[in-house]
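Asks: Taken in sequence, the protein lines are chains L and E. Take the first sequence: its position 454, counted from the start at 1, is 454 in our numbering, and no numbers get skipped. Take the second sequence: its position 62, counted from the start at 1, is 62 in our numbering, and no numbers get skipped.
Everything labelled a hint here was simulated from the structure, so no lab data went into it. Careful: at least some of the hints might be erroneous.
[As the list claims (entries may be wrong)] Restraint ranges, calculated between C-beta atoms of paired labels, are given here:
| id | chain 1 | residue 1 | chain 2 | residue 2 | range |
| --- | --- | --- | --- | --- | --- |
| 1 | E | Asn135 | L | Asn386 | 39 to 49 Å |
| 2 | L | Ala519 | E | Ser72 | 47 to 57 Å |
| 3 | E | Gly80 | L | Glu573 | 54 to 64 Å |
| 4 | E | Ser72 | L | Pro347 | 29 to 39 Å |
| 5 | E | Gln57 | L | Glu432 | 29 to 39 Å |
| 6 | E | Thr152 | L | Arg448 | 47 to 57 Å |
| 7 | E | Phe58 | L | His518 | 33 to 43 Å |
[Claimed, not checked] Reference listing, derived: stretches of chain L covered by chain E, where coverage requires no fewer than 3 residues with Cβ under 8 Å from a Cβ of chain E:
| id | segment |
| --- | --- |
| 8 | 377-385 |
| 9 | 408-418 |
[As the list claims (entries may be wrong)] Calculated Cβ distances over 10 Å to all of chain L for the following chain E residues:
| id | residue |
| --- | --- |
| 10 | Ser74 |
| 11 | Glu131 |
| 12 | Glu167 |
| 13 | Thr180 |
Here a beta-carbon is modelled for each residue, glycine too, at the ideal position from N, C-alpha and C.
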Amino acid sequence: MSSFEAPSFAAWEPTDARGADGLGKGSDEEEGQELGVWRGGSHESVPTSAAGSSLDSHAASSYELRCIGGDAPETALHQLGQAGGSPPVQSSLDTGTGSDVGTAGAEPDDDISAVEASEAVPASAAAVPAPGEAEAAFRASSLGRAASSAAVQVGQNEDSLEWRGRRKHFFVLSNAGRPVFTAHGSEHALAGFMAIIDAMMSFVKNRGDSLETIRAGKHTIVFLERGPLYLVAVSSTGEPEAALKLQLDLLHAHLLAILTDNFDRMLARNPRFEPRRLLGGTEDVLRRFLASFDTSPSAMLSAFEPLRLAADARHTVLLALQSAVKRSEAVYGVLLAGERVVGLAQPRAHALHAADLLLLSSFVLGSDSFRAAAESFSPICLPRFNPSAFLHAYVHYLDPESGLCLVLLSPQQDAFHRLADSAARLQRQLAESGVPQAISAALKVPGRGRLHIPSMPAAAGGGAVGTTALQHFIYKAPARGQYVMPDFTAPLSVPELQQEVMPAYARVHAAMFSEAGHARQRVHFTRDDSRAVLAYIGAEYEVYAQFDALLDRNAAVATCQRLCAWIKGQHAELFVPPSF
Amino acid sequence: MGCSTSRAAPPEKADLRGVGQKEAEPGPGAIPRIKLVLLGDSGVGKSCLVLRYVRGQFDPSSKVTVGAAFMSHSVNLPDGTTVKFEIWDTAGQERYASLAPLYYRGASAAAVVYDISSGESFQKAKHWVSELQKNASGNIAIILVGNKSDLTEQREVTTEAGQEYAERNSMLFIETSAKTAANVAAIFDTVAMKLAGNGVTAVLDRIS
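Throw the hints in and build the complete structure from the sequences for me.
Replies: In structure tokens:
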């Protein structure tokens with residue numbers, strides 16, 4: 001039964017036999033249901049029996065997919081949408097796909113062959129009265145398992161161990177079932193898998209509900225519908241649903257950043273449209289963006305991280321940026337040092353939204369071609385600024401080694417030379433004041449442009465490993481939309497420990513804030529065998545801190561208060577002052 | 001098709017103040033500039049050709065170009081004159097197709113690149129040629145470039161086919177390899193000589 005057992009779903013042990021039986025029966029008994037639900041925007045209703053008969057040998061697979069929509073599981077799925085995945089529900093869903101595949105007579109190992117199958121289909125598909133392409137893709141997905149001859153190459157077997165071992169998966173597909181993106185593996189190889197996701201989401205949607213979350217063992221599966229796209233995250237990191245949902249939302253925003261919402265409209269108008277054609281070459285950018293969630297809280301906090309820099313150097317940067325923006329009639333100017341912001345020029349009336357800045361820096365840093373070229377000019381859409389239009393980004397690495405990169409954004413597509421002239425002038429101004437050297441130096445001292453716990457005063461929770469319980473923290477200044485955090489130092493010096501840090505913060509963050517972003521409480525403390533985590537909201541800050549597991553709540557709060565008082569004295573070099 | 005770039009500002013507008021604006025007003029005694037745009041399918045090696053030409057480097061780990069990259073390079077031609085190439089290396093992806101006019105309008109030369117080991121990229125090149133014939137300035141010099149000439153084993157497009165198509169459309173033709181550097185500089189030399197010979201943009205006349 002192959003792919004659907006694959007990755008994270010391997011953990012879905014059926015624990016409720018009744019659910020499984022019910023689904024099995026459903027597939028046998030239900031007839032004549034409409035396939036319209038799987039055909040994207042199309043509302044044609046082709047009675048399955050008709051589609052089935054003209055498909056002859058493929059008929060079985062064509063409608064046995066509907067078994068998910070049989071009477072028996074309907075209740076189960078319906079509950080799922082509301083209950084967010086209580087164990088019996090999820091297991092019945094799991095066995096649902098299982099029995100689906102089972103009745104198709106698939107060989108246990110024939111894995112996803114949907115691509116080959118879908119290429120093999122056209123002859124038979126043509127015989128069907130007006131078969132939507134999406135429907136064909138669907139048929140293909142089950143067909144792939146039925147037709148073992150087609151189950152060749154896709155070669156997921158060698159990869160699948162690695163694929164299953166991933167802590168997180170992201171999938172994007174059109175609601176017509178066309179694969180758009182996967183964080184790991186290839187969209188082609190996963191076409192059948194995506195078809196099942198589509199079936200699940202479309203089915204629940206067709207019942208006037210929406211599938212939101214499934215919990216299975218240590219896996220959390222979160223679904224999100226945005227326009228004609230379905231987005232799915234599968235995570236075993238222990239991140240809460242709210243965090244995964246936000247990440248899916250940002251993944252969608254990133255697609256818009258590359259293609260504008262015209263992409264959504266094109267897909268909605270024409271479900272046959274091949275979405276991946278337009279995304280060509282951006283997979284790496286999206287993958288790096290998704291990977292950044294593991295190490296950066298920017299998305300969770302909706303804030304950016306400034307580079308720690310001497311106040312006078314920062315002042316020079318801001319003046320130069322502002323004049324460059326004004327001279328070139330740009331909208332925004334940003335100077336980045338890697339993923340951190342050195343300076344930002346923005347009109348007061350249209351401050352750059354944190355999510356837009358996050359997408360912008362992901363787009364710029366994630367595209368290697370900007371680093372290789374001297375100067376580049378590229379369209380990018382900032383969805384919060386305007387989801388329907390491109391801005392034009394002038395991108396110039398002032399110093400590829402330290403990752404110092406200037407980005408000027410203009411609404412005019414012929415602005416290149418104006419922007420380039422301003423950039424050249426800015427580069428001269430910075431060079432005259434020795435700013436690039438100051439930045440390189442800031443990146444070389446302990447902390448590498450971040451705070452450094454061993455160098456901080458003991459009163460603020462600093463000190464060498466063993467002398468302080470403080471292991472890591474994030475200090476956010478909500479009024480500025482910025483946060484600072486220390487570089488990872490011992491005991492968090494190995495990647496295995498570092499990757500636990502952000503999920504732990506995400507859990508306390510989700511406990512603190514409602515989905516609308518309102519704080520439910522001011523202090524939240526959790527402790528387990530490996531760490532104590534505190535979230536604390538003060539008048540002008542939010543702080544999240546991680547301590548060794550021995551520290552109690554009162555001591556943690558006291559440390560945080562002293563830490564915040566100390567940081568307050570460092571604002572000038574830690575944060576970017578507001579501009580314009 | 002493509003996305004809604006044009007909706008941010010209609011492409012016609014770009015025409016008024018094209019990217020090549022500077023070309024029209026060089027200072028006295030300035031080195032003549034040649035604005036050259038590279039067009040062609042994704043993955044045919046446009047960026048590799050430019051990097052080979054401008055920096056003498058070849059990086060086999062291909063980086064997909066985003067938007068368009070700009071580089072300028074001054075060069076001494078075989079006849080002793082100096083020109084400055086302003087090179088626009090455009091992205092080959094479909095989503096950027098609607099932006100191409102921004103780069104080829106006002107250009108004095110276009111290099112349409114295909115991969116000799118890909119018949120499909122040759123078809124795409126033909127598409128670019130007809131777009132240029134339709135929309136670019138009438139006197140733009142076009143050179144058809146068959147890249148990856150080192151891939152003799154996988155060749156799908158014969159030299160004759162390229163040559164013949166170029167002649168039929170009054171274009172220059174050359175086969176190159178960014179990997180071995182074969183003929184790479186010749187693309188730019190040939191274009192410069194052609195422009196000088198024709199006096200098309202009269203750029204080189206200013207030298208005397």
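Asks: Now look at each hint and say whether the structure bears it out.
Replies: Results of checking the hints against the structure:
1. With their beta carbons about 28 Å apart, Asn135 of chain E and Asn386 of chain L fall outside the hinted range of 39 to 49 Å.
2. For the hinted restraint 47 to 57 Å between Ala519 of chain L and Ser72 of chain E, the CB-CB distance of approximately 54 Å keeps it satisfied.
3. Between Gly80 of chain E and Glu573 of chain L, the C-beta spacing of about 55 Å keeps the proposed range 54 to 64 Å intact.
4. At about 32 Å, the CB distance of Ser72 of chain E to Pro347 of chain L agrees with the hint of 29 to 39 Å.
5. Checked against the hint of 29 to 39 Å, the C-beta distance between Gln57 of chain E and Glu432 of chain L comes to roughly 30 Å, which is consistent with it.
6. Thr152 of chain E and Arg448 of chain L have their C-beta atoms about 48 Å apart, which keeps the hinted 47 to 57 Å range intact.
7. In this structure, Phe58 of chain E and His518 of chain L break the distance hint of 33 to 43 Å, their C-beta atoms being roughly 56 Å apart.
8. Coverage of the segment 377-385 of chain L by chain E holds [criterion: at least 3 residues with CB-CB distance below 8 Å; count 3].
9. Restraint check on the segment 408-418 of chain L versus chain E: 6 residues with Cβ-Cβ distances below 8 Å, three needed, restraint holds.
10. Its beta-carbon lying about 14 Å from the closest one in chain L, Ser74 of chain E satisfies the requirement of being farther than 10 Å from that chain.
11. Distance check for Glu131 of chain E against chain L: the nearest CB is about 18 Å away, which clears 10 Å, and the non-interface claim stands.
12. Distance to chain L confirms Glu167 of chain E as a non-interface residue, since its nearest Cβ pair spans about 32 Å, more than 10 Å.
13. At roughly 20 Å, the least C-beta separation between Thr180 of chain E and chain L is larger than 10 Å, which holds for a residue marked as non-interface.
Of the numbered hints given earlier, the model fails hints 1 and 7; all others are met.
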